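One-letter residues, chain by chain:
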Amino acid sequence: KAGVTQTPRYLIKTRGQQVTLSCSPISGHRSVSWYQQTPGQGLQFLFEYFSETQRNKGNFPGRFSGRQFSNSRSEMNVSTLELGDSALYLCASSRNSGRAINEQFFGPGTRLTVL
Amino acid sequence: AQSVTQPDIHITVSEGASLELRCNYSYGATPYLFWYVQSPGQGLQLLLKYFSGDTLVQGIKGFEAEFKRSQSSFNLRKPSVHWSDAAEYFCAVIYGGSQGNLIFGKGTKLSVKP
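Taken in sequence, the protein lines are chains A and B.
By the numbering used here, the letter at position 77 of the first sequence is numbered 77, and the numbering carries on one by one without gaps.
Each position in the second sequence, counted from 1, maps to that position plus 1000 in the numbering used here.
Hints were generated in silico from the structure; no laboratory data involved.
As the structure is a prediction and not an experimental result, all values here were calculated from the model.
Treat the hints loosely; a few may be bogus.
What the hints assert, rightly or not - Keeping only pairs whose Cα atoms sit at most 35 angstroms apart, straight-line, the calculated DSBU-like set for lysine-lysine is:
| hint | chain 1 | residue 1 | chain 2 | residue 2 |
| --- | --- | --- | --- | --- |
| 1 | B | K1113 | B | K1068 |
| 2 | B | K1068 | B | K1049 |
| 3 | B | K1106 | B | K1068 |
| 4 | A | K57 | B | K1068 |
| 5 | B | K1109 | B | K1061 |
| 6 | B | K1106 | B | K1061 |
| 7 | B | K1109 | A | K57 |
| 8 | A | K57 | B | K1106 |
| 9 | A | K57 | B | K1113 |
| 10 | B | K1106 | B | K1049 |
| 11 | A | K57 | B | K1061 |
| 12 | B | K1068 | B | K1109 |
| 13 | B | K1109 | A | K13 |
| 14 | B | K1049 | B | K1061 |
| 15 | B | K1113 | B | K1061 |
| 16 | A | K13 | B | K1113 |
| 17 | B | K1109 | B | K1049 |
| 18 | A | K13 | A | K57 |
| 19 | B | K1049 | B | K1113 |
Stated by the list, open to error - Facing chain A, according to a computed beta carbon distance under 8 angstroms, are these residues of chain B, among others:
| hint | residue |
| --- | --- |
| 20 | P1040 |
| 21 | L1056 |
| 22 | W1083 |
| 23 | Q1099 |
| 24 | N1101 |
Note that the Cβ used here is the ideal one computed from N, Cα and C, for glycine as well.
Chain B with its partners taken away, still in its complex shape (with noise of 0.2 angstroms):
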């Protein structure tokens, strides 16, 4: 079945710490990936997305995102976290082309000290 997997429910980092959340999808063929955040009491926010091309992809709030065909995987990371990175993140694919409807992982929480 077609699904995205993001392993970690809730990650605890300290402010000015580095983060990666993981995202691994299961189909074959390459999907499109996008990264979203949800703060409380707000919708998604996309934060960047991969269609092909550079694997390494830039986004919004200065994070980054590096696909990885071997891995079946779409890692999002920054160097740097602030107290207001905290919110939830959820990684999401569409197969099987463009019209595809949007899956989504089961999120993970970030919280960050101070």
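Only chain A is shown next, with the shape it has when bound in the complex (with noise of 0.2 angstroms):
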């Protein structure tokens, strides 16, 4: 069974622009979470998509956006971009919602680099 994939698995982008990433769920899984890891603030919960409806969202602005097609796959966009969103951003998918009793499976992440 394959695994989460994320594409691009790397990125250099400069400020101002903005940026789209991809997440393909493991075949079956309809809930996929994204996260954000930096040296300074860590791990950190950005939103959840599930059956194409934004579940839950974390501490984060507005330029951070999501979608997820009816094929689970899910997109996550970042407008005008700054220095700080340099990170690697996680993708995780579980079969159904709430993640506590669904096990989550993390994707290897997007390194994206602002310049």
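Take each chain as given, in its own frame, and dock them per the hints.
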């Protein structure tokens, strides 16, 4: 069974640009969550999508948005990039919503560098 | 504020030695508790979790963790470390029910000496 895949794996952008990251969950998984990992703030929850609906959102500005398609694939978009957005963005999928009960499987992440 | 603390940023142990990684949570009610491992260039992998019941939980790769309510702790242990255990370990908690968000500690990087 293929794991969670994220594309691209590495990305370099400049301030003010926007970026879209993609996540393909494990087959049969309907929930996709996104996390930001930085050396300073650690791992922080961005949002979760389940059946194409945003179920939960972390404490991030509106520049961070996402969506989920009918095949459960998800995209995350960051507009007007800032230097502080440089991070590893992790995607995790689970069969159902509810992070306590449903084990999340993480992808390898997309490393975003903002210059 | 709801938080989780991993006091040790970096730990070095010799191969074959025992390991204990510390984790403390802040909230009063017992949260859902997790330990994840992240190897370089890879995503996180769940080692074990605690919801209720027996306070000693067994996980994958020979790891175990013990929940101690009186100390608000959920420490991860392994009796004999292997070189392949070198990685970063994250304790995580969910407060306020099963729909809550994962709150991660800052992580403990484990190095293993031959």
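Violated hints, by number in ascending order, as checked against the structure:
9, 16, 20, 21 and 22
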